[in-house]
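S.K.: Residues per chain, in single letters:
2 protein chains.
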Amino acid sequence: MCELLGMSANVPTDICFSFTGLIQRGGRTGPHRDGWGIAFYEGKGFRTFKDPAPSCQSKIAQLVQSYPIKSRAVISHIRQANRGSVCLENTHPFTRELWGRYWTFAHNGQLTGYETMETGHHRPVGQTDSELAFCWLLNQLEHRYPEPPVDMSEVFRFVTALCDQLREKGVFNMLLSDGEYVMSYCTNHLYWITRQAPFGHANLIDEDVEINFQEETTPEDVVSVIATQPLTGNENWQRMKPGEYGLFHFGKRIATNQAELSDVPFAAPRPGNQAPTEPLV
Amino acid sequence: MCELLGMSANVPTDICFSFTGLIQRGGRTGPHRDGWGIAFYEGKGFRTFKDPAPSCQSKIAQLVQSYPIKSRAVISHIRQANRGSVCLENTHPFTRELWGRYWTFAHNGQLTGYETMETGHHRPVGQTDSELAFCWLLNQLEHRYPEPPVDMSEVFRFVTALCDQLREKGVFNMLLSDGEYVMSYCTNHLYWITRQAPFGHANLIDEDVEINFQEETTPEDVVSVIATQPLTGNENWQRMKPGEYGLFHFGKRIATNQAELSDVPFAAPRPGNQAPTEPLV
Numbered sequence: 001m002c003e004l005l006g007m008s009a010n011v012p013t014d015i016c017f018s019f020t021g022l023i024q025r026g027g028r029t030g031p032h033r034d035g036w037g038i039a040f041y042e043g044k045g046f047r048t049f050k051d052p053a054p055s056c057q058s059k060i061a062q063l064v065q066s067y068p069i070k071s072r073a074v075i076s077h078i079r080q081a082n083r084g085s086v087c088l089e090n091t092h093p094f095t096r097e098l099w100g101r102y103w104t105f106a107h108n109g110q111l112t113g114y115e116t117m118e119t120g121h122h123r124p125v126g127q128t129d130s131e132l133a134f135c136w137l138l139n140q141l142e143h144r145y146p147e148p149p150v151d152m153s154e155v156f157r158f159v160t161a162l163c164d165q166l167r168e169k170g171v172f173n174m175l176l177s178d179g180e181y182v183m184s185y186c187t188n189h190l191y192w193i194t195r196q197a198p199f200g201h202a203n204l205i206d207e208d209v210e211i212n213f214q215e216e217t218t219p220e221d222v223v224s225v226i227a228t229q230p231l232t233g234n235e236n237w238q239r240m241k242p243g244e245y246g247l248f249h250f251g252k253r254i255a256t257n258q259a260e261l262s263d264v265p266f267a268a269p270r271p272g273n274q275a276p277t278e279p280l281v
Numbered sequence: 001m002c003e004l005l006g007m008s009a010n011v012p013t014d015i016c017f018s019f020t021g022l023i024q025r026g027g028r029t030g031p032h033r034d035g036w037g038i039a040f041y042e043g044k045g046f047r048t049f050k051d052p053a054p055s056c057q058s059k060i061a062q063l064v065q066s067y068p069i070k071s072r073a074v075i076s077h078i079r080q081a082n083r084g085s086v087c088l089e090n091t092h093p094f095t096r097e098l099w100g101r102y103w104t105f106a107h108n109g110q111l112t113g114y115e116t117m118e119t120g121h122h123r124p125v126g127q128t129d130s131e132l133a134f135c136w137l138l139n140q141l142e143h144r145y146p147e148p149p150v151d152m153s154e155v156f157r158f159v160t161a162l163c164d165q166l167r168e169k170g171v172f173n174m175l176l177s178d179g180e181y182v183m184s185y186c187t188n189h190l191y192w193i194t195r196q197a198p199f200g201h202a203n204l205i206d207e208d209v210e211i212n213f214q215e216e217t218t219p220e221d222v223v224s225v226i227a228t229q230p231l232t233g234n235e236n237w238q239r240m241k242p243g244e245y246g247l248f249h250f251g252k253r254i255a256t257n258q259a260e261l262s263d264v265p266f267a268a269p270r271p272g273n274q275a276p277t278e279p280l281v
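Each protein sequence line maps, in turn, to chains A and B.
Here the working numbering is used: the first residue of the first sequence is 1, the next is one more, and so on.
Here the working numbering is used: the first residue of the second sequence is 1, the next is one more, and so on.
The following block holds chain A by itself, in its conformation from the complex (with noise of 0.2 Å):
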């Protein structure tokens, strides 16, 4: 299995934090020693880093936290391999254009039967089950809406769907972004929690290090963090339950399940690429 954490703020934020806690998990607290990688947005275009080796041994990992990157959607994973060897092709996050966006997946669980999946002229590179599902998740929603889309609650619900399809075929815990929306969704373990004013302290679970948000915030700052695994030891996460997905955007849960997608603001235009302020997670 694996570990996911995902990030969606309303001003760009450093997920040092966060990412602090997650890396050790690759080889030291925990065995997700297969690899790690990390994209973040900047507007619509997007960096990546990637390591097939431990994320607690590798220098590319002590870079993106020596040199924190500011960003409104992130999505990380640490790797501990099932399906397919350890290299650099096999290693998530996955990035693939569609529609004039960058889309953005990991993927932590385990499927079967996913071989003959029709991924059309999307292919993968490497040997993931993850990857495969990704590149049928595309082919869907290409197939479904040739032009992109403007109603984008239409198109989360049709993801929606395209998972619970998924789940019938193992473990299937996600997260997926176009660098605006980050959507989660949950077969087992999944934790999310929405930060914002006011502001308190937070210890990491996985090392010795704490901080003030207040002091690294301003009021009208709003993150979330999802991830396999609360990383903090003092906050209320909320546990997804099986099925259950979750849809952020610019820091807000705005949808959960079906019934409530009707009623958020989607297709909202895309914001600029200022940075306010620049807040830790």
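Since the hints were made in silico from the structure, they are not lab data.
All values derive from a computational prediction rather than experimental measurement.
Don't take every hint at face value.
One copy or two, it doesn't matter: identical chains are merged, so the pair holds either way.
[Said to hold, decoys possible] In the DSS-like style, the derived pairs of lysine-lysine whose C-alpha atoms are separated by at most 30 Å in a straight line are:
#, residue 1, residue 2
1, K241, K59
2, K169, K44
3, K252, K241
4, K241, K169
5, K252, K70
6, K59, K44
7, K70, K169
8, K252, K44
9, K59, K70
10, K59, K169
Given chain A, work out where chain B should sit, using these hints.
M.R.: Just chain B, lined up with the frame of chain A:
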């Protein structure tokens, strides 16, 4: 305009020496202040580091120099923007999947009348003529070969014909790689050099750095470097002619323009990703 740097090698090779020369031109010895990027292949996977900041000041560029990554195929670019604003999504190189391989592209030059070129479902994310030209190339390739082609000689002949069409729209100097082949196409400024035994010394033009390749290589190593302008002052760089292309396969230049292509060993099996030696170029 911009500057390009490409490398093809028969063993995983550290491009640190050449990259050190290139990044000085990103704001210090050259005017290319509008971002930089570098993609390294490792097997079928790749890593990309990018920054819209000038390379001579970029902390991420310092990292790439201090944690050298070894690869057999590298494409790098420093940008002086003409089409498209200075931001991450407009920063080269661009990488997209086709036929289950990652293709990486960088362009130096400027095109006119490119806006209406048909890109199919390979939609640009940013606003550059370069990314649009890359999407058009991919669309043309996929239209001609809906299934992964076996005979790569035919594919590169077709790419050359497509490049000839792009050259009719302006200045089109290009580097393209699938991790196994590195292709260069010249409109006006592109040089190449192949280094092999007996290896000698080399001095960077843009920085006071000298290297003794003999100390860094084995007699079997073959490494080719392609650049917009020569990077060393004491070696014999070959200038490419307008409309000329070069095709490099694990260090060796195996073809230039169409006549030679039929004689070269295409569709060779991909070797594994072992690193017997680690030369620097």
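S.K.: Using 30 Å as the alpha carbon limit, work out where K59 and K44 are close: within a copy, between copies, both or neither.
M.R.: both (27 Å within a copy, 22 Å between copies)
S.K.: Classify it for me, K59 with K70: is the Cα-Cα distance of at most 30 Å met within a copy, between copies, both or neither?
M.R.: both (20 Å within a copy, 14 Å between copies)
S.K.: Within a copy, between copies, both or neither: where do K241 and K59 come within 30 Å Cα-Cα?
M.R.: neither (36 Å within a copy, 42 Å between copies)
S.K.: At most 30 Å between C-alpha atoms: does K70 with K169 qualify within a copy, between copies, both, or neither?
M.R.: neither (36 Å within a copy, 38 Å between copies)
S.K.: How would you classify K252 and K241 at a CA-CA limit of 30 Å: within, between, both, or neither?
M.R.: Answer is within; shortest intra-copy Cα gap is 19 Å, inter-copy 56 Å.
S.K.: At 30 Å max between alpha carbons, let me know whether K252 reaches K70 within a copy, between copies, both or neither.
M.R.: For K252 and K70, only the intra-copy Cα distance (18 Å) is at most 30 Å; the inter-copy one is 41 Å.
S.K.: Between the shortest in-copy and the shortest cross-copy C-alpha distance, which are at most 30 Å for K59 and K169: within, between, both, or neither?
M.R.: The answer is neither: 36 Å in one copy and 44 Å across copies each exceed 30 Å.
S.K.: State whether the alpha carbon distance between K252 and K44 is at most 30 Å within one copy, between copies, both, or neither.
M.R.: Classified as within; 19 Å inside a copy, 37 Å across copies.
S.K.: Reference check for the pair K241 and K169, CA-CA at most 30 Å: within, between, both, or neither?
M.R.: Within one copy, since 17 Å is at most 30 Å while 56 Å is not.
S.K.: With 30 Å as the alpha-carbon cut-off, assign the pair K169 and K44 to within, between, both or neither.
M.R.: between (33 Å within a copy, 27 Å between copies)
Hint compliance for this structure: hints 1, 7, 10 are broken, all remaining hints hold.
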